[in-house]
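Residue numbers (UniProt numbering), protein chains in the order written: chain A, 1 to 508; chain B, 1 to 508; chain C, 1 to 508; chain D, 1 to 508.
Just to be clear, a hint being listed does not mean it is correct.
Below, computed lysine-lysine pairings styled on DSS-like, alpha-carbon distance capped at 25 angstroms [what the hints assert, rightly or not]: (1) A:Lys89 to A:Lys75; (2) D:Lys465 to C:Lys245; (3) D:Lys456 to D:Lys245; (4) D:Lys309 to A:Lys309.
Reference listing, derived: stretches of chain B covered by chain C, where coverage requires no fewer than 3 residues with Cβ under 8 angstroms from a Cβ of chain C [as the list claims (entries may be wrong)]: (5) 261-275; (6) 280-288; (7) 307-316; (8) 419-431; (9) 466-479.
Simulated from the structure, these hints should not be mistaken for lab results.
Glycine is no exception: its CB is placed at the ideal position from the N, C-alpha and C atoms.
Protein chains: 4
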Amino acid sequence: MENGDGNEGTSAFHVPEWMIQFADQKQEFNKRPTKIGRRSLSRSISQSSTDSYSSAASYTDSSDDETSPRDKQQKNSKGSSDFCVKNIKQAEFGRREIEIAEQEMPALMALRKRAQGEKPLAGAKIVGCTHITAQTAVLMETLGALGAQCRWAACNIYSTLNEVAAALAENGFPVFAWKGESEDDFWWCIDRCVNVEGWQPNMILDDGGDLTHWIYKKYPNMFKKIKGIVEESVTGVHRLYQLSKAGKLCVPAMNVNDSVTKQKFDNLYCCRESILDGLKRTTDMMFGGKQVVVCGYGEVGKGCCAALKAMGSIVYVTEIDPICALQACMDGFRLVKLNEVIRQVDIVITCTGNKNVVTREHLDRMKNSCIVCNMGHSNTEIDVASLRTPELTWERVRSQVDHVIWPDGKRIVLLAEGRLLNLSCSTVPTFVLSITATTQALALIELYNAPEGRYKQDVYLLPKKMDEYVASLHLPTFDAHLTELTDEQAKYLGLNKNGPFKPNYYRY
Amino acid sequence: MENGDGNEGTSAFHVPEWMIQFADQKQEFNKRPTKIGRRSLSRSISQSSTDSYSSAASYTDSSDDETSPRDKQQKNSKGSSDFCVKNIKQAEFGRREIEIAEQEMPALMALRKRAQGEKPLAGAKIVGCTHITAQTAVLMETLGALGAQCRWAACNIYSTLNEVAAALAENGFPVFAWKGESEDDFWWCIDRCVNVEGWQPNMILDDGGDLTHWIYKKYPNMFKKIKGIVEESVTGVHRLYQLSKAGKLCVPAMNVNDSVTKQKFDNLYCCRESILDGLKRTTDMMFGGKQVVVCGYGEVGKGCCAALKAMGSIVYVTEIDPICALQACMDGFRLVKLNEVIRQVDIVITCTGNKNVVTREHLDRMKNSCIVCNMGHSNTEIDVASLRTPELTWERVRSQVDHVIWPDGKRIVLLAEGRLLNLSCSTVPTFVLSITATTQALALIELYNAPEGRYKQDVYLLPKKMDEYVASLHLPTFDAHLTELTDEQAKYLGLNKNGPFKPNYYRY
Amino acid sequence: MENGDGNEGTSAFHVPEWMIQFADQKQEFNKRPTKIGRRSLSRSISQSSTDSYSSAASYTDSSDDETSPRDKQQKNSKGSSDFCVKNIKQAEFGRREIEIAEQEMPALMALRKRAQGEKPLAGAKIVGCTHITAQTAVLMETLGALGAQCRWAACNIYSTLNEVAAALAENGFPVFAWKGESEDDFWWCIDRCVNVEGWQPNMILDDGGDLTHWIYKKYPNMFKKIKGIVEESVTGVHRLYQLSKAGKLCVPAMNVNDSVTKQKFDNLYCCRESILDGLKRTTDMMFGGKQVVVCGYGEVGKGCCAALKAMGSIVYVTEIDPICALQACMDGFRLVKLNEVIRQVDIVITCTGNKNVVTREHLDRMKNSCIVCNMGHSNTEIDVASLRTPELTWERVRSQVDHVIWPDGKRIVLLAEGRLLNLSCSTVPTFVLSITATTQALALIELYNAPEGRYKQDVYLLPKKMDEYVASLHLPTFDAHLTELTDEQAKYLGLNKNGPFKPNYYRY
Amino acid sequence: MENGDGNEGTSAFHVPEWMIQFADQKQEFNKRPTKIGRRSLSRSISQSSTDSYSSAASYTDSSDDETSPRDKQQKNSKGSSDFCVKNIKQAEFGRREIEIAEQEMPALMALRKRAQGEKPLAGAKIVGCTHITAQTAVLMETLGALGAQCRWAACNIYSTLNEVAAALAENGFPVFAWKGESEDDFWWCIDRCVNVEGWQPNMILDDGGDLTHWIYKKYPNMFKKIKGIVEESVTGVHRLYQLSKAGKLCVPAMNVNDSVTKQKFDNLYCCRESILDGLKRTTDMMFGGKQVVVCGYGEVGKGCCAALKAMGSIVYVTEIDPICALQACMDGFRLVKLNEVIRQVDIVITCTGNKNVVTREHLDRMKNSCIVCNMGHSNTEIDVASLRTPELTWERVRSQVDHVIWPDGKRIVLLAEGRLLNLSCSTVPTFVLSITATTQALALIELYNAPEGRYKQDVYLLPKKMDEYVASLHLPTFDAHLTELTDEQAKYLGLNKNGPFKPNYYRY
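Given the sequences, and given the hints that come with them, work out the whole structure.
So, in structure tokens, the structure goes:
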């Protein structure tokens, strides 16, 4: 998941430069200290696959075991060895985590129940590449309950919960993933999902586009049998639009990233809470009376601003888009250029999707103890690289918290080294992940069951009716009671009683 | 202006029944007591043209003069008599009102300044049919400054400010409008705008579609010279989509109603304030601790809910759309069916665009002193007609406030007889009208100057870049400072530095 | 009712200068144009008695009758002529207003019901001097139902609702009051209440201290029979503390102004709503994005700031008290000196109880169209007098709205000539008045029934238990359900189950 | 620090039962598993001294060293061994923590600067018993800089930060404290502070009253030289009022717990943030749309309600006090009895200071996954003991998080075993501790320097002027600029220009 929200959804216009950066980011990848020296299989790994995740912290301590899972021989209790996880013995612990997650993912559980008779995914062979967490496990087991066969790899080298992977493997899912993969491991795992004798995927569920990329590169013929791709991330969606534009997309793809429900939860609602959580866990600061500048007033920025205002902070906003700027004004925030307030603010938060929004010049002018963090799209919003100069001292004061100290003693507090605060220093609530997972499941069902020809070789948004269905599956959590249109009202409005209820351009 | 927001923007799908009602509403029109008995020229008058407006109260008392303006001989100081207003002598008072409005419409004034050299509307002959207020006058005089010739009628029989109409006439604008027109007057005025010797309009600015309708009906050949229609209202836009669907639209039309900026200001921002204002002015009630149910959680409902929550009310929401329903939940409102709370609430507010949302059955179950009002689209949301039964007593306690009394003494407080509270009992801030007027001006410029063929015989949304321009023209009011992209950032994002900054599907 | 809140409650320390101003304000009184030239009976009239009140607008038009009520011969339907009102024939209209008010004053109605058996005020002879409104009428008739005899005058020369006064007179209450009294009338009315053959008051209910002052001056012997004074206003309470300090207070007095419930409702809760209402009714402005400075962060300032922040304004605060200043910071407001922001703000609001908070120098530096108004204690907060200089032009643009125009064309918008905005341009909700009236009734009962010696010749706060009782009588309005302590819990907390529940210094 | 706020400040009336419980709580104390079996020196230890503190987590791992500090021989670098800490070698780490804290305690640092010339505590011999944290260290070193000699013990057996204690010892402060003291250790440490040859305290700084209690019990003669006691906690203050009532208080005592500034920060402002923080860190839940009941609407409850409402929760309130209940209504919360909503809420939060507010019966009726926690005064608000029955299973799922599982599978989520959530699962921001520490320092200065006879053998509130001074010292943190009264204004208000600015009964 990426927050990208301010401006990054703009590839509809041109080829944005940051799309081209995948190859280069490999360097950063290699700079990470790693004990494993195997030759890299590929240069092109998406940035998101190397972001670190706090929610990915292992529940149990397995640091004692340094053997690579690839070198281990493991079998689950049914005798299968078609998987590769850290330690199959952690399955029981992982199972409990999955069970807890099930309680908070009512929509998927409802889908399972409704699909007891019909199996809308009967015959589906889904290859997946996502974060491997308890919530993903609930999704995978739901897909299984709906009739699908699944093979799965991780979309991020750090984010796998080993215990959950073990539980899935124990339950018969061919899972290839562990926390702390090398880049070589990363591609090896993906390859093990698709390169199987006697099994060929007909659906792809991707998060970041690496799996799709790999099949394009290594097994292009596989697309002949593939009915469609479901892609969740900003990055992956961009890659798909690129392919489509270049005329190279050879199957329909569903962009679930931009579904209304997912967007609102990933960005506005989730960030409204995680900005507070991330700042508290890292700094224990008090929000009341603090001066904060939030760069970018998209959904993420709106969430951050609302939360901090409610906690008694004084919030300034910067924007490049006059419409969002006017919204900031009407919501009660002073719209400034960063330079105007940089000397006085206590906290700087970026939520733009842009690069170098906070430059070294800004950093030089901040006051002592200023906190700097990023809630946006990539780790380029704050020019962290510019702080790696000899005259500045870095001091790691806590996990995810660095003090960068100027020669005159001034120190700024840099969180998560400029990576996403809400992923690094907070957790994503299960409810938000439930929205995403349900959207993915419905998109798979839609693509798999659509009559031939409905979807061309193009990128589609989730049909609004399905978006509404995802929302409706989550209403019971809040004991929320929807009103139904009468026949007379439906006729008056010219609507079907079951939706969709809004025109496509409706903004919510 | 109509609030329509919940569901009514849905005609994209089917023909909604309420579109067909124009003819029928004539009956209601005729039921109004009127001294003028001329034969009606037409059956088809839009509903909005008979809504009453509080902001339309005349500034000066002219109730003593009951002569119909049509029967008067008036000339302005330059000797022209090409106008028909209540009393040309009120021009001076109206001029001051216009000058005050100019101070709060900085965007139009900026347009005038920028257009001092080039005249983007040179040669334009605009026929307009809108509310005639000080703000419209600023728009008209801006169009004039940009090079256009204008002729103008009122789109509502009550909303004309006579003093302003006089000031426009005095300034040489052929204006045909007064407060309290009969239906016959209404069409006569429109006709006087278009049926002129030696002058033929090439642009239409309409609000409600009556002017467009009239030309279609009476002077269809006129469309040969017309370059485009700019339409502001929900109703008028629907009519245009209807025409387009039926293949009968013979010129390009610009739907300015759905521009982002206008929508947010007309609905969310404006209603957030006017719900409080309308309730206070009519009832002097205290909001703190009151239980309120808001029907519909579109932009209007969101604004009402946010304002009342902030004032300490306890707010319940009803919705038919699960996505909006989930938003209500996340914003902290209990989502209920109306029946669940109807016995306990102190206030019922409709914002749906639907009909019969509040039925007689609901009204029967409300508690004593419950206040009922409508912030939605039409006057059909509350089934007011159902209250016109013999056993109920109506008592007018103030202007716009009726007590409807049940046989057992229970009384409900009905505001504005179920018509739009914010138009009847509050005022629309000039700033909101400035947004609308600027959007209209830019749409006229766009259509008038577009190279042949860019716009077909279809209905268009305002180009996003113009929408952004409208917003940017209003930022100086808030001393708001927009950030500019660097070249490097624009390249990174794949954006033009001057916008547009967002893809079309962006939801703001 | 006065808002005084910031600092004015400080007479506990010293003799504040503004206490001494009563005499001087007579001059201002005399400056008002008046047709009645009778000799003034007294120099000492409290300032509040000449404030104008919008809520005091007559319901019916009686402007045609210019005969002084003192010169009329009127009788009610029972033949009594022991009253002096504008027009006894307006009684029916006034009665309906009283009945409407009864519906919103549940606490007094509950008191009436509980007192059907016992009459806690049997034998009480209450002379009262308050605003004469529908709500006061409910109070008076409640006192009557509890057994008291009442005679009443108005505490303000403008605030009497003639129709209500007529209804009271018709119902047998000796009322002496009309809208638009001269100063001479004012004292004549008061005198008619106390100077009666065969009737001598034993309780005083005062609002502003004028009645108390009159008795002290003219009939000091009357105090021998008086059991106590209940005083509502800041001004009157100060006068009482003065008397007490000087050893001249000869009966117990109850300061109901500072009861918790009344304070919170008069100031925080009421002003939170009336600041918005007052600004809207006078200027129709939009709050979103506006920059506002609020001078004073007492209860009134807190209410104003919270409301404007919620509506999307950017709010700055000035304070002299570091504790309130720190509260402003923690609530998210920039604490500034007025000079720092005076050039940039759109609205200036005073809530200090201080004088000359906004000086001519500030007014000179405000930007064009800046709105200036007062929510504080007296009309001295804004130095309005300094604007009465030849180079400035005053233009009355609406009732209560003046444009003051500088030679360079800059205009500021002055509301209510610097008098209290919420009294002049808004209305006080009945619910707030219900709190006050109930507090007054309970204070009268307490003083009248207290065993000899419990209250000395001193000023007392309402006993906390009675304050709690007032609150509890208003809870049913909100369908609010109070929890009762168990015996075990009461013992644990060392509390009586029926309260009082807090120590005296508790701050709520 | 305790939150006590709802009702517990009520001992002014009677002897509350919970005062008598100190002795009994020893049983609970003994039930804790402990390796140390020494005989207890005393039966009477305050409850707060055994509460566990998350903020008290040691920075460095010293779990390997199980030797009791009492059995160690340690010297600081200057050769002194007049201290007893876990490990003097941790001093350097502790020093850095103190330095970081100094940056956020500007008021104490300002006091140090102002006192460079005069030493207001010259000659003072202060014995202290508080939590030993970096913030306390800043206080102690400030007292030293002001001229005082100090000896210090911990007021809680878990809360000592060993590294900070080491740094203080290294800096020459006789500190006797470590994390994980036994009850015997606890009293031994206190005794080492007071029972010294050639040194006798003349000031006491206490937090909980244990130190005061010990001196009363063991060294009553010491009071002859003691000039006063400064007490911070609710508990300790109650003990002092008890002594005073019983005529046994033999020196003046200053109740700093009830100072305005400290109360607002400890309760309203701090809890507004820590309720969110505590819930997030323990449960990672999403607040949006959740139904929450908050028991008690004192300052703590107000803070919790405001924060949760802002995050989109639906909040219900229970209250016993009608005034606070009415406040809840006006702030937009439904006032209910717990039973009315217990089946539907997702979270139950107690903030009452009462006992058994949440009973087993309530717990039995809660829905699955309901979260239960306490923000109030003591650990008695939730009847946790009632959950220790055989049919219920307890499962510790995280630190401070227990699932209590019913036979039918229902589980409730109990946080911190019903102890204070904000102390157990959140952290107290340094800024809040700065307020408290500054208040303590000023109280010590006041008592030490007061002319003989100003303070009797009684309990005093901090003089308002000092309270204001504490606030003013913290304003620069927010770049807040206080306005000064002009001479004319001060005269008008009857105030000294330097304060105090409010009467004593002012409620802020």
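Q. What hint numbers does the structure not satisfy?
A. Every hint satisfied by this model.
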